Amino acid sequence: MNLEIEHRAEIIIVRVTDDRIDAASAIQFKERMREIVATPSARVVLDMSNVGFLDSSGLGAVVAVMKALGPIRRLELSGLTPTVEKVFRLTRMDTVFIIHKSLPDGLKNAG
Amino acid sequence: MPADAMGAVLSLDPPDRAHIVMDATVLDVRDGLRGLMACPLVQNLSEGCLGTTELVLAEALNNVVEHAYARYPGQIEIEIRRDPDQLRFHIRDQGLPMPGAEPPAGRLPEPAAFDDLPEGGFGWFLIRALAQDLAYRRDGERNLLSFGVILDNAA
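Chains as they are written, first to last, in this note's numbering: chain R, 1 to 111; chain E, 1 to 155.
Any given hint might turn out to be false.
As the list claims (entries may be wrong) - Beta-carbon label-pair distances, calculated as ranges:
| no. | chain 1 | residue 1 | chain 2 | residue 2 | range |
| --- | --- | --- | --- | --- | --- |
| 1 | R | T17 | E | P73 | 23 to 33 Å |
| 2 | E | Q75 | R | Q28 | 51 to 61 Å |
| 3 | E | P111 | R | P104 | 21 to 31 Å |
| 4 | E | E47 | R | T95 | 20 to 30 Å |
| 5 | E | P40 | R | R73 | 26 to 36 Å |
By construction, these hints were calculated from the structure, which means they are not laboratory data. Fair warning: this is a prediction, and the values are worked out from it, not measured in the lab. Glycine residues also receive a C-beta, built at the ideal position from the N, C-alpha and C atoms.
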C-alpha cells in the first residue's frame, strides 16, 4: 500500500498512489493510516483520485480510519472515481464523510 | 499467456465465454479480476458496467476466500458467459457450505452513532444491490453461486 503524505499547516494530506483499496490491501491501508494520523493536525484529507476500485473491505478500512480519528477531527475524502463513489452512495456512507470533488481550494498544488 | 502469469488460468473458447481457475487467496482474486477486466469478453462495456462487474465479483470471490475456505485452502472456479443483455457468472468452490444453505440477506447496516459506525457487513448488500437472479446451491461437497450483471449498453 503506497501512500504519499504531505503536511500543510494544520492539515495532513494523504494521497493513495495505489489504484485500489481491496481485500488484499485493506488491513495494510488501515495500519499505515493509523500511523500517519497519529501526528496531530486539525484536518486529515484523503486524496483518492488515483483509486479506481474499492470493495467492501476497503470501505470498512476507510470507516475504521475515520473512527480512529474521533468525532471532532473528521476524515475528509477527495476525488472519488465513479466506481468508488458508487460504493459510498449505495452503502449511504456518503452521508457520513465530508467528500470533496477534488482537493479543497488552497491544497490543489500539493505535492 | 498474461493470465497465467497472474496466477489464474483463463480460457476464452468460445469467445463469448471465459473460464478461470484461481487459488482462493485475496491476492489471487485481485490478479484474477485484473486479468478478467482486461480480457476480450468485457470489451466495449461501459465504465459503469465494468465497475459494477468487478465489484460484484470481488465481493463474491472474497467471500469464498474468507468464509468457504476459512479452515482450509482450495481453489475457485469461475465460468462467465456473455449474453446479449447480461454477463452470467457461475462460481464454484469446495469450501464450507453457506450457513442456512442460502446467501446472507445483506441488509445495509443501520446508520449508527459515530463510535458504532459499521466497518463491515457491506459485501452481501452490494452483491444483492448490483446482481440479478442470485442463486446458491450446495452440490455434494461444492458450493455453486450464480448471478448476472445487466449490460447497460446492451445491443
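Right, here's what the structure says about each hint:
1. R:T17 to E:P73: 23 to 33 Å: holds, 31 Å
2. E:Q75 to R:Q28: 51 to 61 Å: Roughly 25 Å apart at Cβ, these two residues miss the hinted range, so it is violated.
3. E:P111 to R:P104: 21 to 31 Å: holds, 26 Å
4. E:E47 to R:T95: 20 to 30 Å: holds, 24 Å
5. E:P40 to R:R73: 26 to 36 Å: Check failed, 47 Å falls outside 26 to 36 Å.
Hint check: violations occur at hints 2 and 5; the rest are consistent with the structure.
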